[in-house]
Structures are given as C-alpha cells and as structure tokens.
Amino acid sequence: MEFGEFFTSNEASLRLGFFFGSFLLFMSIELIKPFRHFKESRSSRWTSNLVLTFGNTLLLRLIFPASAVGFALLAETQGFGLFHWIEVPYLVALVASLLLLDMGIYFQHRIFHRVPVLWRLHRVHHSDPGFDITTGARFHPIEILLSMGVKFLMIMAIGASAESVILFEIILSTSANFNHTNMSLPTILEKPIRWILVTPDMHRIHHSQVVRETDSNFAFCFSFWDRVFGTYVAEPKKGQGGLDIGLKEYPGKEGVNLLKLLKNPFT
0 MEFGEFFTSN EASLRLGFFF GSFLLFMSIE LIKPFRHFKE SRSSRWTSNL
50 VLTFGNTLLL RLIFPASAVG FALLAETQGF GLFHWIEVPY LVALVASLLL
100 LDMGIYFQHR IFHRVPVLWR LHRVHHSDPG FDITTGARFH PIEILLSMGV
150 KFLMIMAIGA SAESVILFEI ILSTSANFNH TNMSLPTILE KPIRWILVTP
200 DMHRIHHSQV VRETDSNFAF CFSFWDRVFG TYVAEPKKGQ GGLDIGLKEY
250 PGKEGVNLLK LLKNPFT
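Counting from 0, one number per residue, gives the positions in the sequence shown under numbering that gives the first Met the number 0.
Calculated from the structure, these hints are not laboratory results. Note that the structure is predicted; figures quoted are calculated from it, not measured. Be a bit skeptical, because a hint or two may be false.
What the hints assert, rightly or not - Okay, derived cross-link-like pairs now, EDC-like style, lysine to aspartate or glutamate, Cα gap no bigger than 20 Å in a straight line:
id: 1; residue 1: Lys237; residue 2: Glu212
id: 2; residue 1: Lys262; residue 2: Glu142
id: 3; residue 1: Lys236; residue 2: Asp214
id: 4; residue 1: Lys236; residue 2: Glu212
id: 5; residue 1: Lys237; residue 2: Asp214
id: 6; residue 1: Lys38; residue 2: Glu253
id: 7; residue 1: Lys252; residue 2: Glu39
id: 8; residue 1: Lys38; residue 2: Glu248
id: 9; residue 1: Lys259; residue 2: Glu142
id: 10; residue 1: Lys247; residue 2: Glu212
id: 11; residue 1: Lys247; residue 2: Glu39
id: 12; residue 1: Lys38; residue 2: Asp243
id: 13; residue 1: Lys262; residue 2: Glu248
id: 14; residue 1: Lys259; residue 2: Glu248
id: 15; residue 1: Lys236; residue 2: Glu189
id: 16; residue 1: Lys237; residue 2: Glu189
id: 17; residue 1: Lys32; residue 2: Glu189
id: 18; residue 1: Lys247; residue 2: Asp214
id: 19; residue 1: Lys259; residue 2: Glu39
id: 20; residue 1: Lys190; residue 2: Glu234
With the hints as constraints, model all of the structure from the sequences given.
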C-alpha cells in the first residue's frame, strides 16, 4: 500500500488516534505536575470546554460530512489549485502544502483578532480564565464553521493533496493539545524547540490579559511565522508565573458558564 493510499484509507483512525493519544498524554502531564493552579474549579471549566469541543465536532460532521479531506479529493478531481497546475516533486508539494496551510492559519488567527465582528467570536476562546489542555479546542461553533470554510478555500488555492491535509489536521490538533498544556518545558528544551514549534510558554503569552501580549504569538504549530511577520513576544511583562490569563471583562464564572459562552458574541 502506497503512502497516500494508507493515509486516505485510515484517515479517521489516524486523526482520532493522534488527537486522543496526545490529549491523554498531555492531560496526564498537567495533572501530575501542573505549571499553574487556577482559581476556577477544574470541573466547571472542563465541563464547558469539553462540551464545546465535542459539540463542535458533531456540528462539523453534520454540516461538512465530507470534511477537509473530502474537499481536497474534490479539488484534485477538478484540477483546482497551485499544485495541480504546476508539476513539482511529490515531497516538495507535500512539505510546501503543510507550510502554506500553517501560514494560512496564522494569518486567519491574526484577522480574527483585528476584525471586530470576528473577535467577538474568537474571544470565547480567550475568555477562559484558565489555560490547560481543554482550552485548545474551546471555540464558538460559528467560529469553527467559518474556520472550516477558510480551510476549504486554502486547500483549493494550494491544491493540497488529501494526504497532506490529513497530515496537517493531525499536526494541528496535536499542536493545539501540546501548546495549551498547563506545563512548562525545561529551559534546555524550551529554547531549541521554540525555534521551530509553538511551546506552552510561548502560546500562554497569547492568552495574557495585556493587549500587546494577546496580539502576539499567533502561530499554531510552526513558531517561526511570528518571527518572520513581526508578532513574536519572547516573555510576558509579568513573567510566566505572574501572567494574568483570560479577558478582564469576563472574570471567573463569566468565562466558564456554557450558556454565556454561546451567547457571548451577541452581547
């Protein structure tokens, strides 16, 4: 069985396996040795965050049953996209597709911070008064649907293959689990890893209540986009231990109540 055929034939099991495997791994790490302790009870935060996560997953399956991979296959059959128009080696197209998709997510993230109506949706993610593994997939359902639409457009423009999309989805979900984990890497690992990947310490800065810090470190997987495009902040003003997480206007239970989270963009 060829590489591409293996990935497309086992898409669901690969994606779920990596997501739940990384989720359980990083959850275990933060339960055994959490970097910080937050005021709000873990049970109330986790309930709201996990209900949003699984609810969004079901919503995507209902509205987009073919998923991003199905869209990649459709684009391929119709000959849409850059890598269906130009001939390049398979490995070059694969790596380039992963980088372009990740860069696209970086710019989408920046836009959701800059455009007021989109920020109203995205602030549901930032209003979490804590920062841990469950924060990684805490998004408003409308933002999830818009993000999927953006992803479809990027796949079509790039001409990304089905296997590159599957790889990207695996990398994205695993990265989100990793960089939202309530842990801090040893300095000897933090510095070299952060040159390539977004670490928990780097992404935690993005969840700061300080506006300059919130509007920095937008990358999801590959950290170098922030350095390349001038949005990188190495350390928070108050240090990692003193960093205020969340949004000032949604303290405590305001950032935890599930019904309020769903109504948040409209209030």
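Structure-based check of all given hints:
Between Lys237 and Glu212, the direct Cα distance comes to roughly 11 Å. Compliance with the 20 Å bound is thereby established for this hinted pair. Among the hinted pairs, Lys262 with Glu142 is consistent with the structure: their alpha-carbon atoms are about 13 Å apart, no more than 20 Å. For a cut-off of 20 Å, the pair hint linking Lys236 to Asp214 stands: about 14 Å separates their Cα positions. At most 20 Å may separate the alpha-carbon atoms for a hinted pair to count; Lys236 and Glu212 meet this at roughly 8 Å.
For the given pair, Lys237 sits about 16 Å from Asp214 by alpha-carbon distance, which is consistent with the 20 Å threshold. Distance check on the hinted pair: Lys38 and Glu253 sit about 13 Å apart at the alpha-carbon level, within 20 Å; holds. Note on Lys252 and Glu39: the hinted pairing holds, with a Cα-Cα distance of about 7 Å set against a maximum of 20 Å. With a CA separation close to 16 Å, the supplied pair Lys38 and Glu248 stays within the 20 Å bound.
Under the criterion of a C-alpha separation no larger than 20 Å, the hint pairing Lys259 with Glu142 is consistent with the structure, at around 16 Å. For the hint pairing Lys247 with Glu212, the CA-to-CA distance comes to about 14 Å; that is within 20 Å, so the pair holds. As the CA atoms of Lys247 and Glu39 are separated by approximately 15 Å, the hinted pair is consistent with the 20 Å bound. Under the criterion of a C-alpha separation no larger than 20 Å, the hint pairing Lys38 with Asp243 is consistent with the structure, at around 12 Å.
Restraint check: the Cα-Cα separation between Lys262 and Glu248 comes to about 15 Å, which is no more than 20 Å; the hinted pair holds. Using a Cα cut-off of 20 Å, the hinted pair Lys259 and Glu248 holds, with the two alpha carbons roughly 13 Å apart. Straight-line distance between C-alpha atoms of Lys236 and Glu189 comes to about 18 Å, which keeps the hinted pair within the 20 Å bound. For the hint linking Lys237 to Glu189, the alpha-carbon distance of about 19 Å falls within 20 Å, and the restraint holds.
Among the hinted pairs, Lys32 with Glu189 is consistent with the structure: their alpha-carbon atoms are about 17 Å apart, no more than 20 Å. Simply put, Lys247 and Asp214 have alpha-carbon atoms about 15 Å apart, close enough for the 20 Å limit, and the pair holds. This hinted pair checks out: Lys259 and Glu39 have alpha carbons roughly 16 Å apart, not beyond 20 Å. For the suggested pair Lys190 and Glu234, the alpha carbons sit about 12 Å apart, so the restraint of at most 20 Å is met.
Checked against the numbered hints listed earlier, the structure breaks none of them; every hint is satisfied.
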